[in-house]
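**Student:** Put chains L, W and D on the given structure of chain U with help from the hints.
Protein chains: 4
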Amino acid sequence: MIIVLKAGAGDAEIEDVCRRIEALGLRAHVSRGEQRTVIGAIGDDRFKTRLQALEALECVESMVPILQPFKLASREVRATDTVVRIDGAAIGGGRIGVMAGPCSVESWDQLRTVAEDVKSAGAHLLRGGAFKPRTSPYAFQGLEEEGLRLLAQARKETGLPVITEVLEPDKVGVVAEYADVLQIGARNCQNFSLLKEVGQCGKPVLLKRGMATTIKEFLLSAEYVLAGGNPNVILCERGIRTFETTTRYTLDLNAVPVIKKLSHLPVVVDPSHGTGHWEYVAPMAKAGIACGADGLIIEVHHRPEEALSDGPQSLKPDKFAKLMRELRALATVLGRSL
Amino acid sequence: MIIVLKAGAGDAEIEDVCRRIEALGLRAHVSRGEQRTVIGAIGDDRFKTRLQALEALECVESMVPILQPFKLASREVRATDTVVRIDGAAIGGGRIGVMAGPCSVESWDQLRTVAEDVKSAGAHLLRGGAFKPRTSPYAFQGLEEEGLRLLAQARKETGLPVITEVLEPDKVGVVAEYADVLQIGARNCQNFSLLKEVGQCGKPVLLKRGMATTIKEFLLSAEYVLAGGNPNVILCERGIRTFETTTRYTLDLNAVPVIKKLSHLPVVVDPSHGTGHWEYVAPMAKAGIACGADGLIIEVHHRPEEALSDGPQSLKPDKFAKLMRELRALATVLGRSL
Amino acid sequence: MIIVLKAGAGDAEIEDVCRRIEALGLRAHVSRGEQRTVIGAIGDDRFKTRLQALEALECVESMVPILQPFKLASREVRATDTVVRIDGAAIGGGRIGVMAGPCSVESWDQLRTVAEDVKSAGAHLLRGGAFKPRTSPYAFQGLEEEGLRLLAQARKETGLPVITEVLEPDKVGVVAEYADVLQIGARNCQNFSLLKEVGQCGKPVLLKRGMATTIKEFLLSAEYVLAGGNPNVILCERGIRTFETTTRYTLDLNAVPVIKKLSHLPVVVDPSHGTGHWEYVAPMAKAGIACGADGLIIEVHHRPEEALSDGPQSLKPDKFAKLMRELRALATVLGRSL
Amino acid sequence: MIIVLKAGAGDAEIEDVCRRIEALGLRAHVSRGEQRTVIGAIGDDRFKTRLQALEALECVESMVPILQPFKLASREVRATDTVVRIDGAAIGGGRIGVMAGPCSVESWDQLRTVAEDVKSAGAHLLRGGAFKPRTSPYAFQGLEEEGLRLLAQARKETGLPVITEVLEPDKVGVVAEYADVLQIGARNCQNFSLLKEVGQCGKPVLLKRGMATTIKEFLLSAEYVLAGGNPNVILCERGIRTFETTTRYTLDLNAVPVIKKLSHLPVVVDPSHGTGHWEYVAPMAKAGIACGADGLIIEVHHRPEEALSDGPQSLKPDKFAKLMRELRALATVLGRSL
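Protein chains in written order, with this note's numbering: chain U, 1 to 338; chain L, 1 to 338; chain W, 1 to 338; chain D, 1 to 338.
Keep in mind the hints are simulated off the structure, nothing from the lab.
Do not rely on the hints blindly, as some may be mistaken.
Each pair may be met inside one copy or between any two copies, as identical chains are not told apart.
[Stated by the list, open to error] Derived lysine to aspartate or glutamate pairs resembling EDC-like cross-links, with alpha carbons at most 16 Å apart:
hint: 1; residue 1: Lys196; residue 2: Asp170
hint: 2; residue 1: Lys319; residue 2: Asp117
hint: 3; residue 1: Lys316; residue 2: Glu55
hint: 4; residue 1: Lys156; residue 2: Asp318
hint: 5; residue 1: Lys156; residue 2: Glu116
hint: 6; residue 1: Lys319; residue 2: Asp87
hint: 7; residue 1: Lys48; residue 2: Glu305
hint: 8; residue 1: Lys6; residue 2: Glu76
Remember, it's a predicted structure, so these values are computed and weren't measured experimentally.
Bound-form chain U, shown alone (with noise of 0.2 Å):
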């Protein structure tokens, strides 16, 4: 951490700001500049985070970190890329993994009709919302447990593993049992309660970036649970909230580029919520590719204009086959296979 002091700050100022320092463990530099003293903290301050307060003394103008705040999920601690297995799939370490199915699990008649489209246009996993967190309070809510047997069900008869969302703590251990991924929504990427107990489900656990949340605080997220025990944590770019409407959200691509860089954590993009309409669904899944993403996740209704949410960003099951032949191929010419 670098303290940066006001101009005119005096010995007796600088002298208390070094031994406030020192209190909390860590070492003082202090460099006088022409304009500026600036004190340098030297130690690992990541779990120093009262080092902040100081902020407060009237001699502070300002307080820049040097160190990334999160430490289990960066390339610091482990320089290899992180490989998520689940059951046949992997998603990491140049696998792309491809989710596809329903927003929400709707009847069983739906999920197996989609289940089935998707497994033969060669999806790796089988999406479904069993709990679905609404904006409205008088929107479909989903099925619940029932939601949670029926996707049991689809990876019985398909056998593609599934992930499914869980929306609160308590919920945790009854989603693990049917789900061989945990999602944790964009809404709950700040949800630490939820972020705790998945760090102890033994499941993998697919992590959303928040609408807005920074990539060092989505990394923070996912440190939470890494730091339960759960080394499994896929991180998923879905869109932030921008000034611009023709999409529904502001599909972040950057993201994977600058989270490869900092983070070993397979990272996967989901277009339909990124975008929020089907005709862009496509070129976006594309990009997320080609910028080097590890997956992707897809909303797939074989009668969108009839489904219980998000019906205007499905694609129907051709449309899902057709832009997997071009992902193959796509991955293929970067060094990559799908």
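**Tutor:** Just chains L, W and D, lined up with the frame of chain U:
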């Protein structure tokens, strides 16, 4: 809802859309313009959330909602201002309520000192966090139940009702036992499981706007609590995420008159989190009252440079007392009381 | 345009609105719903900008445009893709064009070195700034006309057509004398005086999206140039301002398929300015092509650590050559040529 | 400037960075920590913009500026508040100035009516646009020089000094002939050619913040005018672009105390453009004064529903007069005069 068809949509497509609208129990009204055919879905569509899926039809260009998506929170259902009463205090309807105290409850000594100071400066409620949502897993996570007990003790000694945050559905019961007002933090503004739970807790709820939550979504979150049977909801503007970095967030005071127009619920402003720096708290607190807020929630700490959380944005007690005097003069000239 | 009246609007008010709509040469179509009366203004309202003032009437709740506000830039006026031809190069219609070179023209030696390198790597145009818009008045402002002469010299030696930025209406003439394509920078995307001027310059124009410009506003800016009589407009996505700070801007690749849907104009991507860091240029360039962009504009410098502007985002020539090889393979698999 | 090296940077790299820093006339100060080596570049680096290029070195992880990038606009160069004097009016230093009038000058009749009304309500300057920057090429573009003449006539009849916008460097001369204050609009906040020109025009300049301009960039834009020799710069907060859509922009009142801390220049607030709706103008105007603004610029029109631009955000004269009475009471209690 207005459904705009693509140029060239034919009669069969128009009829198909009308049939689907009527199947949802609404009336369809077709208007054929020179450039576009537009179909109105007439009726109260707030409970017809399946309507949205029609956007997936190939003939649909866009859909435009006409009604606000919330109902119980709207001025249409209740024209007069809601006043939330908490022991002696009241928030809404011309009376301004100030909640003040430390970000985190750290110890009895700290809490008692700050509580007495804010009480004698004229605050109406004591704030203090027992369960703390922290971006980093390595930061202080709060005293938890011990914190709740200290808050109850402070209430007993000062007579001030207390407000504290609840982080998960499971803990609503225990927090409601100790606290007079339950706070839902910004990161939980769309934690719908938690919103449903506090809808049934029997205590007033202060709901903070999420940092990427639009005002309409914010009112839909309030709708969850109201629909659960709890009419005592206080809304809180606490800053949104923008590109500007000289403040920690961008306190969006525009939300105050906008919410006053759309909703009968009281609105308070949090200039501490909204700006992140103590120097900006007093001017933005005054601005909040000047644009019509029903109250303020302000962080006060007697040694901010040693605070376990949010030191840089905490006012010292003397600065808080000065601000209270200024606010009282301001309220008088605005025709309100504090 | 759809005009939504407030609940309780009376007959006299409805008639007043209709009368005003008709006075503008449009037809009024009234639809009385249970909750709201909605009035459609029928006709091509893009040229009826006074319509917007009706929102000031006390009886009006909101106004919703139905048509896109631009016309010449839209697919409705021209369904087939525009191809902009520049000497041997062509941008649009399946052929990918790459523009590369230094941020600023610094000296003949620098420009010649980089120009030869990008030429041999396969770039189609040479970029280089002679007039530089700089955030700080103390930063290098460009070689100005001397820079234009060096660009012309480089074209002569390499055969590459050149693209360079013009900053003010007054300078359009002299820049058009030297350059093959005139660039309008992000900060001038809504400099309407400049847009009018380049509408009459007789040379192709590359128009960059402003950092807070919506896609609709961006196409309205293009409309200024088209309405001035210049059909050769290339749009450029170069990053928007969001809360994320690990990249300099947030390159919004979603804009590529969105613009392709709304407009016939070619779109290129600037991954250098969009990300601000050379490590992210190659992945985002590939992603840009994968989602359908018609070209790229990339900064290349042989000694970026000594560049007078934007060094951190410049590729060294060998990295640029490697990227070109990868892009060529990618284009083939996508059915396009580069 | 602080230069953070990557983990593992070696002695040769450290020496290379130091050598480059010293070549720019600065001193290098090396601090070797456990995790990172950090090099301070000591001296006034605001004029050493080439320093930034060092970020392109492979051994550099990041660079952190310590000093604000502007100088003449900063409190360090001038601690006391600048007061800009315009005929009888003064803006800054405790005196509040109000500028009011129509968005566009439409006719003599319109301008005279509004000018008399705002004069009798107590406004200090008359505003009115003669050259209008419009998003659509099909919208009213202003009366141009005829508008300037009408403004001069209105000044003669009412005694109010006038403020009007200038759009291009070429027109600064003619606008300065007629106007008392030259306005630079939000879209021209980083039109550096125009900023250089008004730096030499001899008249006060009101500079609006761009909708995606950070406060630091805004002060750098002011620095252009100050560096040109014009000390009379009034800054204007007029709303930034965010995700929120119930207001046209997000008026960022936080900018007022932030600028007051960083700069000696006066700041005014534009609640008309900032919110885009007349109902929000009065509350946000009051909030602007409450948080310390030195003035307001407000749109007034006697028939907003027929205005040629920005009708929905214009106050009618009676509402403006009521607001002025409220502002006067507010100013008194805040210890300032209006």
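**Student:** Does each hint fit the structure? Answer for all of them.
**Tutor:** Against the structure, the hints come out as follows:
no.	hint	in the structure
1	Lys196 x Asp170	both (12 Å within a copy, 14 Å between copies)
2	Lys319 x Asp117	within (11 Å within a copy, 42 Å between copies)
3	Lys316 x Glu55	between (54 Å within a copy, 14 Å between copies)
4	Lys156 x Asp318	neither (23 Å within a copy, 51 Å between copies)
5	Lys156 x Glu116	within (12 Å within a copy, 61 Å between copies)
6	Lys319 x Asp87	neither (27 Å within a copy, 39 Å between copies)
7	Lys48 x Glu305	between (53 Å within a copy, 14 Å between copies)
8	Lys6 x Glu76	between (33 Å within a copy, 11 Å between copies)
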